[in-house]
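First to last, the sequence lines map onto chains A and B.
The opening residue of the first sequence carries number 1 in this note's numbering; numbering runs sequentially from there.
The opening residue of the second sequence carries number 1 in this note's numbering; numbering runs sequentially from there.
Simulated from the structure, these hints should not be mistaken for laboratory data.
Any given hint could turn out to be false.
[Unchecked claim] Taking lysine-lysine and the BS3-like style, the derived pairs with C-alpha atoms no more than 27 Å apart in a straight line are:
1) K169/A <-> K4/B
2) K55/A <-> K83/B
3) K11/A <-> K83/B
Computed from a predicted structure; not experimentally measured.
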Amino acid sequence: MKPVALETITKAAQGDLYAFEEIYRTFCNFVYSISWRMSGNNEDAEEITQDVFLKVHKSLKNFERRSSLKTWIYRITINTTINYQKRKHLKTPVSLDEVGIEKFASPLPSSPDEEIQDRVNKLLSVLNDDQKICMILRNIEGLSYEEIAQSLKININTVRTRLKRAREKLLSLRKEVVPYEV
Amino acid sequence: MKCKQIKELVLTDYLDDQVSKEQKQSIEEHLTQCTACREFAAEAKEVLKNPFESVQPIKAPDHLWNKIEGAIEKHRQESLIQKAWDALSGTFAAHKPVFALSTVAATILLLVAVVKIPAWQTQTAANDYLNEQFEYLVYSDDQTDVGLSDTWVDEYFL
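Taking the hints into account, I'd like the entire structure generated from these sequences.
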C-alpha cells in the first residue's frame with residue numbers, strides 16, 4: 001500500500017473527487033477485507049465500506065494529521081465495523097459450548113483456496129470481536145503490534161494479551177472447529 | 001526462561017516475528033532442549049500461522065466506487081440545501097429584534113383592546129341606563145306639571 005501524497009489529501013479535503021478516488025483506491029481493499037471478515041457477507045461488507053468512505057470524505061477537512069492517514073482510516077474502519085456489528089446484532093461471539101459443532105458445518109470447499117478461507121472463517125468465528133479484529137489485523141493484514149495499538153487506540157500490551165488469548169482459544173478448540181484437519 | 005514464559009512468547013512475539021535477535025536466539029535454544037515446548041511451537045505455527053498466511057486477499061468489488069461516488073454526490077446536494085436553509089434562517093435571525101418588537105407591540109394592542117372594550121361597553125350601557133332613567137324622570141315630571149288632578153297616576157289610583 002503506497003502512501004497517499006499530502007497534496008492529494010489536501011485536494012480531496014477541498015472537495016476534489018479525483019483526489020478522493022485516489023485515496024479510495026489506496027485503501028478500499030483493506031477496508032472491504034476487514035468489513036467482510038468481520039461481517040461474513042458481501043452485502044454488509046459493501047455497506048460498511050461505503051459508510052467508512054463517506055465518513056472519511058466528510059471528515060477529511062478535519063483530519064489533523066496527528067496520526068497517519070493510514071492509521072486514521074484503519075481506526076474509522078474498525079470502529080464503523082464494530083458499531084455496525086453491534087447495531088445489526090450480527091454474529092455474536094460464538095461459543096462452541098453453546099451451539100455445538102453443527103454451527104460450523106458447511107458445504108465442502110470446492111477449491112484449495114476456498115478450503116483455506118473456510119478454515120480461517122471457522123477459526124475466527126469462535127473469537128469475540130476484540131480478539132477477532134486483532135487476529136485479522138495481525139495475521140491477515142500484517143499490521144505490526146504498534147499499528148494495531150494505534151488503530152484500536154489501546155496499549156501495545158493489550159494487543160499482545162488479546163492475541164495470546166485468541167490463540168490459546170483457537171488451539172484448545174482447533175479439532176472441534178476444523179474437524180477435517182489432521 | 002521457563003516453559004510458561006516460552007509458551008507465552010511463542011503465542012505472541014515469537015510467532016509474529018516481533019522479538020529481538022537475542023530473544024529469538026534464547027527461545028530457539030530452549031526449543032532445541034525442551035520437547036514439550038518444541039511440539040507446542042510446531043502446533044502453534046501449524047494452526048495459528050500457516051492457514052492465515054495462505055488465505056487469499058479479498059478485493060473490493062469494482063462497482064463499489066460508483067455507489068460511493070453517487071452517495072457523495074447525494075450528500076453534497078443535501079449539504080447545499082442545508083446551507084441554503086441555514087442562510088435563509090440566518091436572514092430571519094438577523095431581523096429577530098424587529099419581529100420581537102412587532103410581536104410585543106401587537107400583544108400590547110391586543111391586551112389594550114381586550115381590557116378597554118368591555119370597560120367602554122360597560123360605560124356605554126351605564127350611560128344608556130342613566131339616560132333612560134333621566135328621560136323617564138323628565139317625562140314623569142312633565143306629566144306632573146300638566147296638572148295635579150289630571151296626572152296619569154291620579155287616574156290610575158282614583
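Tested hints:
1. For the given pair, K169/A sits about 16 Å from K4/B by alpha-carbon distance, which is consistent with the 27 Å threshold.
2. A threshold of 27 Å between alpha carbons decides the hint, and for K55/A with K83/B the separation of about 19 Å falls inside it, so the pair holds.
3. A distance of roughly 22 Å separates the Cα atoms of K11/A and K83/B; the hinted pair therefore holds under the 27 Å criterion.
Checked against the numbered hints listed earlier, the structure breaks none of them; every hint is satisfied.
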